[in-house]
Structure formats: C-alpha cells, structure tokens
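Line by line, the protein sequences are chains W, A and Y.
All letters in the first sequence, in the order written, are residues 1 to 352 by our numbering.
All letters in the second sequence, in the order written, are residues 353 to 699 by our numbering.
All letters in the third sequence, in the order written, are residues 700 to 962 by our numbering.
Rather than coming from a laboratory, the hints here were simulated on the basis of the structure.
It is possible that some hints are incorrect.
[To be verified] Keeping only pairs whose Cα atoms sit at most 20 Å apart, straight-line, the calculated DMTMM-like set for lysine to aspartate or glutamate is: (1) Lys671(A) - Glu239(W); (2) Lys224(W) - Glu881(Y); (3) Lys9(W) - Glu881(Y); (4) Lys671(A) - Asp186(W); (5) Lys224(W) - Glu849(Y); (6) Lys891(Y) - Glu841(Y); (7) Lys671(A) - Asp284(W); (8) Lys916(Y) - Glu940(Y); (9) Lys224(W) - Glu940(Y); (10) Lys224(W) - Glu829(Y); (11) Lys224(W) - Asp201(W); (12) Lys875(Y) - Glu890(Y); (13) Lys916(Y) - Glu873(Y); (14) Lys12(W) - Glu829(Y).
[Said to hold, decoys possible] Covered, in the sense of this in silico footprint (three residues per stretch, anywhere, with C-beta under 8 Å from a C-beta of chain Y), are these stretches of chain W: (15) 226-236; (16) 245-257.
[Unchecked claim] Here chain A is said to cover these stretches of chain W; the calculated rule only asks that three of the stretch's residues, wherever they fall, bring their Cβ under 8 Å from a Cβ of chain A: (17) 61-73; (18) 169-177; (19) 203-215; (20) 338-344.
Quick caveat: nothing in here was measured; it's all calculated off a predicted structure.
Glycine included, every Cβ here is placed at the ideal spot set by N, Cα and C.
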Amino acid sequence: MTAEGGIVKRRKLGKAAAWLGVILFLAWLPSFLPFSVEWNIGSWLDPIWLRLFGHSSGIETYRIDIGLHHATLAALFVIMAMGLNLSIGFAGLLDLGFIAFVAIGAYIMAIELTRVPLNSDSVRVFSAWWAVIPLCIFGAVLVRVALGATCLRLRGDYLAIVTLGFGEITRVALKNDLFGLTGGPDGIFLSPRVMPEFFSDPEPLYYLAAALALLSCFTLYRWKNSRAGRAWEAVREDEVAAAACGINVFRAKIWAYGLGGVFAGLAGALYALHNTTAHPTDYDFIESVKVVVMVVLGGMGSIAGVAFGSVVFILLLEVLRGLAHYRMLIFGATLVALMVFRPQGLAGRAGK
Amino acid sequence: MQQALNGLTLGLLYALIALGYTLVYGIIELINFAHGELMMFGAFFAYSFCVVLDPPTAAGMATLGGISAFIAVSDRVEGVRSRGEAVGAGLGAALVFASFAYHGGLHRLPLVASVFAALPYAAVLAMALERIAYRPLRGQDRLIPLISAIGASLFLQNLGQVEPWFFGTERKSFPETDWVKDQVLAYHGVSVSTLQVVITVVAIAMMAGLYFFIHKTRVGTAMRATAQNRKVAALMGIDTDGVIVLTFALGAVLAAVGGVLYALYLGSIYPFIGYMAGIKAFTAAVLGGIGNVPGAMVGGVLLGVLESVGAAFIDPGYKDAIAFAVLILVLLVRPSGIFGTGPVEKV
Amino acid sequence: MTEAREVVLSVQNLTRRFGGLVAVAEVSFDVLAGEIVALIGPNGAGKTTLFNVVTGVYQPSEGDVFYLDESLADLQPHEICRRGIARTFQNIRLFNGMTVLENVMIGRHTRTGAGLHDALFGLRRHRHEEKDGRERARHLLEFVGLTGQEATIASDLPYGHQRRLEIARALASEPKLLLLDEPAAGLTPAEKTELKELIEAIRGHGITVLLIEHDMKFVMGISDRVVVLDYGRKIAEGIPEEIRRNPAVIEAYLGTGAETGVA
Numbered sequence: 001m002t003a004e005g006g007i008v009k010r011r012k013l014g015k016a017a018a019w020l021g022v023i024l025f026l027a028w029l030p031s032f033l034p035f036s037v038e039w040n041i042g043s044w045l046d047p048i049w050l051r052l053f054g055h056s057s058g059i060e061t062y063r064i065d066i067g068l069h070h071a072t073l074a075a076l077f078v079i080m081a082m083g084l085n086l087s088i089g090f091a092g093l094l095d096l097g098f099i100a101f102v103a104i105g106a107y108i109m110a111i112e113l114t115r116v117p118l119n120s121d122s123v124r125v126f127s128a129w130w131a132v133i134p135l136c137i138f139g140a141v142l143v144r145v146a147l148g149a150t151c152l153r154l155r156g157d158y159l160a161i162v163t164l165g166f167g168e169i170t171r172v173a174l175k176n177d178l179f180g181l182t183g184g185p186d187g188i189f190l191s192p193r194v195m196p197e198f199f200s201d202p203e204p205l206y207y208l209a210a211a212l213a214l215l216s217c218f219t220l221y222r223w224k225n226s227r228a229g230r231a232w233e234a235v236r237e238d239e240v241a242a243a244a245c246g247i248n249v250f251r252a253k254i255w256a257y258g259l260g261g262v263f264a265g266l267a268g269a270l271y272a273l274h275n276t277t278a279h280p281t282d283y284d285f286i287e288s289v290k291v292v293v294m295v296v297l298g299g300m301g302s303i304a305g306v307a308f309g310s311v312v313f314i315l316l317l318e319v320l321r322g323l324a325h326y327r328m329l330i331f332g333a334t335l336v337a338l339m340v341f342r343p344q345g346l347a348g349r350a351g352k
Numbered sequence: 353m354q355q356a357l358n359g360l361t362l363g364l365l366y367a368l369i370a371l372g373y374t375l376v377y378g379i380i381e382l383i384n385f386a387h388g389e390l391m392m393f394g395a396f397f398a399y400s401f402c403v404v405l406d407p408p409t410a411a412g413m414a415t416l417g418g419i420s421a422f423i424a425v426s427d428r429v430e431g432v433r434s435r436g437e438a439v440g441a442g443l444g445a446a447l448v449f450a451s452f453a454y455h456g457g458l459h460r461l462p463l464v465a466s467v468f469a470a471l472p473y474a475a476v477l478a479m480a481l482e483r484i485a486y487r488p489l490r491g492q493d494r495l496i497p498l499i500s501a502i503g504a505s506l507f508l509q510n511l512g513q514v515e516p517w518f519f520g521t522e523r524k525s526f527p528e529t530d531w532v533k534d535q536v537l538a539y540h541g542v543s544v545s546t547l548q549v550v551i552t553v554v555a556i557a558m559m560a561g562l563y564f565f566i567h568k569t570r571v572g573t574a575m576r577a578t579a580q581n582r583k584v585a586a587l588m589g590i591d592t593d594g595v596i597v598l599t600f601a602l603g604a605v606l607a608a609v610g611g612v613l614y615a616l617y618l619g620s621i622y623p624f625i626g627y628m629a630g631i632k633a634f635t636a637a638v639l640g641g642i643g644n645v646p647g648a649m650v651g652g653v654l655l656g657v658l659e660s661v662g663a664a665f666i667d668p669g670y671k672d673a674i675a676f677a678v679l680i681l682v683l684l685v686r687p688s689g690i691f692g693t694g695p696v697e698k699v
Numbered sequence: 700m701t702e703a704r705e706v707v708l709s710v711q712n713l714t715r716r717f718g719g720l721v722a723v724a725e726v727s728f729d730v731l732a733g734e735i736v737a738l739i740g741p742n743g744a745g746k747t748t749l750f751n752v753v754t755g756v757y758q759p760s761e762g763d764v765f766y767l768d769e770s771l772a773d774l775q776p777h778e779i780c781r782r783g784i785a786r787t788f789q790n791i792r793l794f795n796g797m798t799v800l801e802n803v804m805i806g807r808h809t810r811t812g813a814g815l816h817d818a819l820f821g822l823r824r825h826r827h828e829e830k831d832g833r834e835r836a837r838h839l840l841e842f843v844g845l846t847g848q849e850a851t852i853a854s855d856l857p858y859g860h861q862r863r864l865e866i867a868r869a870l871a872s873e874p875k876l877l878l879l880d881e882p883a884a885g886l887t888p889a890e891k892t893e894l895k896e897l898i899e900a901i902r903g904h905g906i907t908v909l910l911i912e913h914d915m916k917f918v919m920g921i922s923d924r925v926v927v928l929d930y931g932r933k934i935a936e937g938i939p940e941e942i943r944r945n946p947a948v949i950e951a952y953l954g955t956g957a958e959t960g961v962a
C-alpha cells in the first residue's frame, strides 16, 4: 500500500513538473520570437529542374517566419480545439460548423467595440473590452444550445451535415450584413482608435490567450474524470446502454454541445482582437475542418494530445505557407494518410 | 414561373450529382465528401478532351488518369489473378489511359464525344479514391472515414489548382457552347433554353437508366443485396468489394455528366466548382432520405426549385443559405428525410 | 412464503406492435419482491421486446407496466433506471473503450449528483463521490468475481467476464429489480454454475430478478416461477415442475422444432 502510495505521489510530482515546464515555456516564449529561417532552395532545385523541364524552378529562397502572432494564434486554436473536443472527443457529436460559433463571439466583440466611436448616439452595452467577453460567450452558447435542442436528436452523419449547413448559413448571413450589424463582405474593421489600449502591444494578448488556453485544458482535464465526463463517454460509446444506466442521453448531449460554445465564444472574442477585424472569410468551412483536424490529430478525447496537436498544426500551416496551394494539397493528403495509418491520432489509445 | 422552371433544371442537376452520394451511402454508410471533386475532375476530363490544352496540363491530366487507372485496374485484377498479373494489367491500363488522355488533351474532340471519353476517367478516379482513402478504413468509427473523405476532397480540390500541370484558379469555359443559351420555347414570358431541354432529357434518361440497372440486372441486384447486408451478401458469393467499387464508379459517371452540364449551366468551369455543388447535392440526398434513390431525385428537384424561387422572393444574397435552412427544417420534421425510413436500432 | 409479498413489477395486458407485427400480445404477469422469475419461450416469442417495454426503450401499444404501483408507460429509460430497475442486454452492451472500473462507475450515475462545477473546482462533493464510487465499484467487481481487472479495457475481457461486468454495472445503480437478458448464453457449464450462484447471491441481497433464458436446465434450477411466451402470448405460468409438464409448453417448443427442448 505504501509503495503504491509512493508511486502515486511520484506520478503527481511528475505531472506537476510537466505543467510547470509548460507554463514557464509559455511565459518565456515571447523572448524567443520572432523566429525566422531562410533556405536557398533554388540552388538545390535548379539543376534538377533544368534537366527535367529545361528551365529553372522559379523558386529562390524559402522563408519561415514564426512571430508572437503565431503563438497567440496557436493558443486561440487550442481554446477552440478544447471546445470541439468536448463535443467530438467526449460526447461523440460530430460538429462540422464549429467556427460559426467562434464567428458569433468575434462579431459580438467587434460590434461592441465599434459601437461608440462610429455612432455616438447608440449606447454601448459595456464600456470595458473584458466585460464584452461574457456577452460573446453567452451569445455563442445561446445559439449553440438552440441549435442543439433542435438537432441533437439526429443521428451522427445527419448532425454533421446540419452543423455544416449551419456554418454555411452563418457565413452567408454575416456576408449579407445580418441585421445591418455585421458589415457585409468587408466585415468589421477594428481600427487602432477602437482597439482597447491594453492590446496596443501584442504581448498582453499573447499572455491572455496562453493563460486561457491552459485554463481550457485544465477545465477539460477536470471534467474528463468526473461523473459528467464518464456520462459523455458512455453516451458516445452506446446510447442505449447509457440510458439503461440512468443517463439522460439528450441532456448529456445538450450540455456537451452547449458548453463547447463557451470555448468558441471566448476564442472568438480574442480572435477578433487578434485579427483586429471580424471578417466573413475568416470563418469558412475550411476553418471548421481545421479545428476538427486538430482534435482528430491529437486523438479525440485526449487533452494533452489535442493541445499539442493544435500547436503543431498551426505551426505546420505556417511553415508550409510558402508552398501556396500545395499547402492545402499536402494538408488533404496528410489527413487521408493519418486516418489510414493512425486513426486514433497522436495520443489516442490504439484501436480496438 | 420562370424561376420555378430554372429551379427545376438546376434541381435535376443536383439530383444527378446527389445520386452518387446516395448510392455510396446506401452501401457503406459513408458521406463521400470528395464526390463534388470527382464531379469536378470528371467535368475537367471532358473539358480537356474538348479543348487544346498546354502540354504540361495534358501531361498532368494524363498522369492523373494513368495513376488512377493503374490503381483501379490492378486492384480489380488482384481479386482474381496473381499480384504479378495485376501489376501488369494495371500498367497496361495506365498506359492506355495516360496516352489517350495526353493525345486527347492536345487535340480537340466534339463536346459529346469528350463527355463520353471522360466517363472512364471519372470511373477509375473514383475507384482509385475508394481503394486509397476509404477501403482501409472500413470497420472504423464512422468519424474516421468521414475525415479521410474531407481530406481527399481538399487534396483533389487543390490538385486541380496546381499550375502548370492542372488548371489554376481561373474560370474556363467549354468552347463553342453559345448554343446552350438559345431559346427553343417561349410561352407567356416563360422561356426555355436548349440547355434546359438537354439537362432535362439527359438527367431523366440517366436516372431511368440507373433505375433499370439497379432493379433489372444481376449486378444491380447484387448492389441492393450488399446495401441490405454486406456480410450476408458476401456469404452468398457476391464480391462485395467489387460492388462497392462499382458503386463509386457509377456515382462518378453520373457526377461527371452532371458536372459538364453544371459547368455549361454556370458558363464556366473551375476547381472549386465541386464544393458548393457537392454540398448542395448532398443536402438534396439527405432531404430525400439518404440511401434512397428516388428520394435523391425528388430531393434534388425540390432543392433546386426552392432555391431559385426562394432567392427571387427573399434576397439573392441568401441563395446559398436556403438549401441548408430547408435541410434543417425538413430534418426537424422528418429526421430521416422525406422518403427515409429510420433505422430501427436493435436492442 | 406464507406472508403476502409486495408486487414489484406488474405487467398488465401489455401489447406491443411493430407495424403489422404483434411482438407482445396481451401479456399479464406479476413479479413479487425477492423472487427469481424466468421468462422463456422459443426465439421470436417477444421476450426481449417485453424487456424493452419494461425498461422504456419502447412504449407499450396497449396495456401498461407498473413498478411498485407506478406506471412506467410514459417514462424514459433513464427515469426508469433511476426508480430502481436495471438491466443487461442479450448481445452485451458494455462501454467498450472504457476500463472495467469506469464501466461500473457509470452504473452509479443515478446514485451520484456532482455537477460540472464540483468537478471543475474539485469540490468536496466531487471528491467524495469519486472516492466512494471507486470503492463501491471495487466491491461490486469483487462480488461478481472480477477483482484485479479494474484497469482492463472492457472489450479486452473474455466473453464470460463481459457478462459479469454487465451485471456489476447494472448492480451499481442499486436496483430493486434486475432484468437479465440471456445471462447464461454462450457460457461454459462451469461458468453457468458460477452464474447461478451469483444470481442467488444477488437475490440474497434483496434484489428481485427477472431473467430471459433459453437453457432449460439453468432456468428450472434457479427460478421460483416461470412465465412462458409463444408468438407474443403468454401460454403458461407456474413453478418449474408445472411448466415442465405443461402440454402447451411442450408443443410450443417441439412444434417450432426448437433445438433447446424441454430438459
């Protein structure tokens, strides 16, 4: 018994050390960035190209620039991925329109911030930027619960396509200047005049995003090993058996799906501040796919895996930026290869 | 009235594409997300026969056709013969497909001939896709093949944009196709164009052909048996892998024809063409009850009409949103689509 | 046996149709507290359908089911579980990706109530329930004979153990009435003997048991009473000795050519 206790204690210490390491790494990250490398790829490729095609490759150098900007982006996507992990990973609800809820958060933030300076008559609901965040979360959760209440009775594939459809509806609505608030195809630009002073420097946003990303991971970690977490997992595994065990399947689904909106709204609010704009093209279907990929890449239901997967994925997209549309080509091919060779993701349990 | 008529032809196109989704879903319960891209490449193969391409583009299409033919043919042959023979047959097929595509790409064929020439390419591309991206995933959690399908869709969509081997992002149009807009009939302000007549005739003919194929032929019976219960069908001696591959090929052929007509309807062809058309066709399939062949036809027509009429009444900007709004509403009332019968869960 | 015992489950004139097919037709019987009642009948007689109506998977077409004088007709499966009816499934439905211990802890869902905030902030309710739940789950695993398998993934267990785990999961909800759907199917003779002892031990804890079973020897050896269904109708009810001799039962089995026979 004491030996077992010792092992548990050592494991706990190890875990604490790992967390401390992550926090310290995040705290010092800004001093390592921007990071930039340049390779003279042209000089390697040209001889081959000349022989094959009779002309030079047209590629000279390949640059990789990773700035603090990307670290912030990665942190925001970790928050989003955690929200989607709650739906897909925990409760098995495939959501292909997640980015729509991020968009709701982002647009609420942008609308609130631009209200006063643009139109002095209108009353701004909240005066401080941080007070808008709960509103963003509320908006995203509200819409998500409403959609969930109507659609969560559908079977898996149908739910996927309905959420995809909702994502498209949202995007089209934003593009069409919904309620005269969303600014149409140009979106809403957050000029330096309306941006909160707090974010005149990029660093505070980074620290905020990183802290919230950690908090998101912690929240999911706590929920995973709880009564609710097990209920979600049971619903994912077998709804009939879950109901026979006394779990209110529909309620469990609504909770998992709705709570995903908390993360979406939060990430959206910061995403608008990060981009200094809320623009409809930032919330395309492909963005939803990206978040789904992060969750699957990391291993559905795993927390460290999904967090790590999201960061790797964002950085990878950045590293491959120089490849133009080969980038998405590689993305697609990688997705297929990943599913074929390692469907359980980087951290997932091996298949049954 | 005019809007309803336009919607009807558009709906028939959706239906033609939706059949591919429904057939595949009926058999392996997979949303073939890359179906829109199969449609796009099918139409692009027809386009490449129809115009004179740059040599690199002809080479690119030839390579794609050749590789697909190799995978498709060698996989089929491997089922009955040795691996060596399979590779040999695959290489032979690849050579034939590639050289024909290359020369076809550099020369001009009439439109109708181009469409027919493109069909085998669409079929082998779909077969290769099934072999690579879907077959290894059978039996996995449903999410896994779906994500693989999204990956395949992104891959093909972006492959189509690679220059100079493929087509770039610019819109292109089929040559000498001004006749499609010619008005053949006008009645009380409602006019019908040649293209609308062609679409109606072709779509209905193909659907009738498909219905005949599924219900009156041996292979069609095997397909229906496989859709009912794959394991039992296999025990009855049906080559279920073959049936699945055939289903993909069939769906792609229908989509290729639909794709060409859709490109003519829009007046242009481009690598993104499959995305919206694909999603809408899928919506149509779900609307009618996915897995249900007549359902896909009705769903397609319904969607096309609602979209055209709705856009005229509400706001053209919301045209793309109407399809999904209708989908959500229909699923609320009938969770399995209009003609769908929900699966009774066995307890 | 002389005192009047409480009626735990009362099936009254129950009919369930699927389209034109009548799966269960006007069936009535009672289950008394502390009894072990077996529901038998040839394949397709409507036994599992009856279980599904009792546990709320299906609604009755006509008639009603009463549990301790409360109608179950309009209740959802999870509400029925909460009231004290637990079940197992004919084709074993465990949460395959989860560990043995987690499976049993899910069974405790209705007996716990820690919310998301309890879990998030690690409040006492959450900590207490987790600790308590783990302990109780371990006890149950010991009771069904699965000690030492806590961390095994459920689907990795051998078949016989999966059946036991399903029973442990059902017991974790602290039921008054336990429904077992073919618990002995596919077990070896030795495992069947152990199962019989287990079911008797469960009854010993004051839990009433209603079970579906095909193995006549098993049924006759364990049940206090037997209810026989054929084509959805009740054709006989009584103590095992009566059922063994009942001509209608013998005909139902031999007439359908069932290989089980009457032992």
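Each hint, compared with the structure:
1. Only pairs whose Cα atoms come within 20 Å are accepted, and Lys671(A) paired with Glu239(W) is rejected, the gap being roughly 37 Å.
2. Restraint check for Lys224(W) and Glu881(Y): the C-alpha separation of about 33 Å exceeds 20 Å, so the hint is violated.
3. The straight-line distance between the Cα atoms of Lys9(W) and Glu881(Y) is roughly 44 Å, outside the 20 Å bound, and the hint therefore fails.
4. Distance restraint check for Lys671(A) and Asp186(W): the Cα-Cα separation of roughly 19 Å lies within the 20 Å cut-off, and the hinted pair is therefore satisfied.
5. In summary, the hint linking Lys224(W) to Glu849(Y) is supported, as the alpha carbons are separated by about 18 Å, within the 20 Å threshold.
6. Taking the CA atoms of Lys891(Y) and Glu841(Y), the gap is near 18 Å; set against the 20 Å cutoff, the hint holds.
7. At most 20 Å may separate the alpha-carbon atoms for a hinted pair to count; Lys671(A) and Asp284(W) meet this at roughly 17 Å.
8. Using a Cα cut-off of 20 Å, the hinted pair Lys916(Y) and Glu940(Y) holds, with the two alpha carbons roughly 12 Å apart.
9. A C-alpha spacing of about 52 Å is found between Lys224(W) and Glu940(Y), which places the hinted pair above 20 Å, so the restraint is violated.
10. With a CA separation close to 12 Å, the supplied pair Lys224(W) and Glu829(Y) stays within the 20 Å bound.
11. Between Lys224(W) and Asp201(W) the CA atoms are separated by roughly 36 Å; this puts the pair beyond 20 Å, and the hint is violated.
12. Between Lys875(Y) and Glu890(Y), the direct Cα distance comes to roughly 25 Å. Violation of the 20 Å bound is thereby established for this hinted pair.
13. Of the pairs offered as hints, the one joining Lys916(Y) and Glu873(Y) is violated, with about 29 Å between alpha carbons and a cut-off of 20 Å exceeded.
14. About 18 Å separates the Cα atoms of Lys12(W) and Glu829(Y), which keeps this hinted pair within 20 Å; it holds.
15. With 8 residues having a beta carbon nearer than 8 Å to a beta carbon of chain Y, the stretch 226-236 of chain W meets the requirement of three or more and the stated coverage holds.
16. Counting residues of the stretch 245-257 of chain W whose CB lies closer than 8 Å to any CB of chain Y gives 6, which reaches the minimum of 3, so the coverage claim holds.
17. Judged by the Cβ-Cβ criterion of 8 Å, the stretch 61-73 of chain W is not covered by chain A as claimed, because only 0 of its residues qualify and three are needed.
18. Three residues within the 8 Å Cβ limit are the bar, and the stretch 169-177 of chain W against chain A gives 5, so the coverage statement holds.
19. Under the rule that three or more residues need a Cβ within less than 8 Å of chain A, the assignment of the stretch 203-215 of chain W is violated, with 0 such residues.
20. Beta-carbon proximity to chain A at under 8 Å applies to 4 residues in the stretch 338-344 of chain W; the threshold of 3 is reached and the given coverage holds.
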